[in-house]
Amino acid sequence: MIRAQSLSKRFGDKRVLDGLDLAVPRGGFVLVTGPNGSGKTTLLRLCAGLAAPTDGELEVDTPRGAIGFLGHEPLLYRELTALENLDLYGRLYRLPERRERSGAMLERFGLWRARNERAGTFSRGMMQRLALCRTFLHEPDLLLLDEPFDGLDAEGAELLHAELVERTATALVATHDPEALARRATARIALA
Amino acid sequence: MSGYAADVAALARKDLLLELRSRDTLPAMLLFVVSALTVFRFALPAGSSARAETGLLWIAIVFTALLGLGRAFAAEREEGALDGLVLAPCDRSAIWLGKTIGVTAFLVLAELVALPAFALFFHPLSWELVVAVALADVGIAAIGTLLAALAAASRARELLLPLMFLPLVVPVVIGGVGASVAVNPASFLGFLGLYDAVFVILCWASFEYVVTE
Chain A
686 MIRAQSLSKR
696 FGDKRVLDGL
706 DLAVPRGGFV
716 LVTGPNGSGK
726 TTLLRLCAGL
736 AAPTDGELEV
746 DTPRGAIGFL
756 GHEPLLYREL
766 TALENLDLYG
776 RLYRLPERRE
786 RSGAMLERFG
796 LWRARNERAG
806 TFSRGMMQRL
816 ALCRTFLHEP
826 DLLLLDEPFD
836 GLDAEGAELL
846 HAELVERTAT
856 ALVATHDPEA
866 LARRATARIA
876 LA
Chain B
180 MSGYAADVAA
190 LARKDLLLEL
200 RSRDTLPAML
210 LFVVSALTVF
220 RFALPAGSSA
230 RAETGLLWIA
240 IVFTALLGLG
250 RAFAAEREEG
260 ALDGLVLAPC
270 DRSAIWLGKT
280 IGVTAFLVLA
290 ELVALPAFAL
300 FFHPLSWELV
310 VAVALADVGI
320 AAIGTLLAAL
330 AAASRARELL
340 LPLMFLPLVV
350 PVVIGGVGAS
360 VAVNPASFLG
370 FLGLYDAVFV
380 ILCWASFEYV
390 VTE
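For the protein sequence lines, the chains are A and B, in the order given. Numbered by the working numbering, the letters in the first sequence go through residues 686 to 877 in order. Numbered by the working numbering, the letters in the second sequence go through residues 180 to 392 in order.
No lab work stands behind these hints, which were simulated from the structure alone. One or more hints might be untrue.
In silico SDA-like links for lysine to any residue, alpha-carbon gap of 20 angstroms or less [unchecked claim]: (1) A:K699 to B:A332; (2) A:K699 to A:A736; (3) A:K699 to A:G719; (4) A:K699 to A:S723; (5) A:K699 to A:L876; (6) A:K699 to B:S333; (7) A:K699 to A:N721; (8) A:K699 to A:A877; (9) A:K699 to A:P738; (10) A:K699 to B:E392; (11) A:K699 to B:L345.
So here's chain A without its partners, still in its complex pose (with noise of 0.2 angstroms):
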């Protein structure tokens, strides 16, 4: 569940969040919508403890070992393979079965023949795949997605809507294209 309550953020001078009242219950799945700059980007990393407001009351209840963020940057290392990325991160998130959760991953998006190949060889979709497969490797229980169909092809957008379609999660998306994933939303906040 998240809570917030006049939640503000400012950079400098410039107010990107303010005064923002949400609740997100259990189980809920809402959109985030607004123009670029409108603080979309900047809700979803307060949220996941990135950042820190400057005002107000931020309340996330899921502990951060439980969250799965997908940013504007795929938050992997370049030099290491796909299944390499994979590995790390199910270390770090104490996964039991790590190899065979991460090879799951790869076929379920798509990627499990280039699973040795660095990351710096991807295209900007297979990265985005990449990233998607780091983003739920841990069975997270709040999703917190910027603009997670950026850079996919058909198919790969297709495998993303059947993913969050499947899971059961608690998410918070913030997209340009809310009617993508209209029929799964549970409620829509536009941020002017």
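Dock chain B against the given chain A, drawing on the hints supplied.
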């Protein structure tokens, strides 16, 4: 292996693997330290004191470390991987310790070339010098890694890191030169050990605050 030790091992292993593949940092450190010692060899007048010669070795070591530290978080900056590590449920000090182990390893490898070169160009190595270098490596890597993480978040990181790092390692140079040339090196070695203990504890405890806003 305990969970904490396993996290540190995984992170240190990752850094060594990245360097093995990219070869970004270590070759530059090796080239720099050998070049610096070569320049010092010809710049120093004949008959210079052992203190002057040893002082130049320590300057070479500090700047070689600075070169490596400037790249310490390069891989994490590239694709935002530091956020991924910060989000992981491991103790955040493990990120610092893993990185410090990697930095220490690169520094030791550079010194495996630098110390014989110093012996060749200037004078034979003493055991006090070798012990002092080993002790200094720990302190340099500990404080350097923390400051490199701090600087990595800034746009002016190339400027910020030397500005923060160099004043803090002046005691290492004083202790290192003292241990290498003093009649009684024990007090200087003790000073370096104390410096290590203080900064390792400080950096270990404060890293969490450096990587979170």
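Kindly indicate which numbered hints from before are broken by the structure, ordering the numbers from low to high.
-> 11
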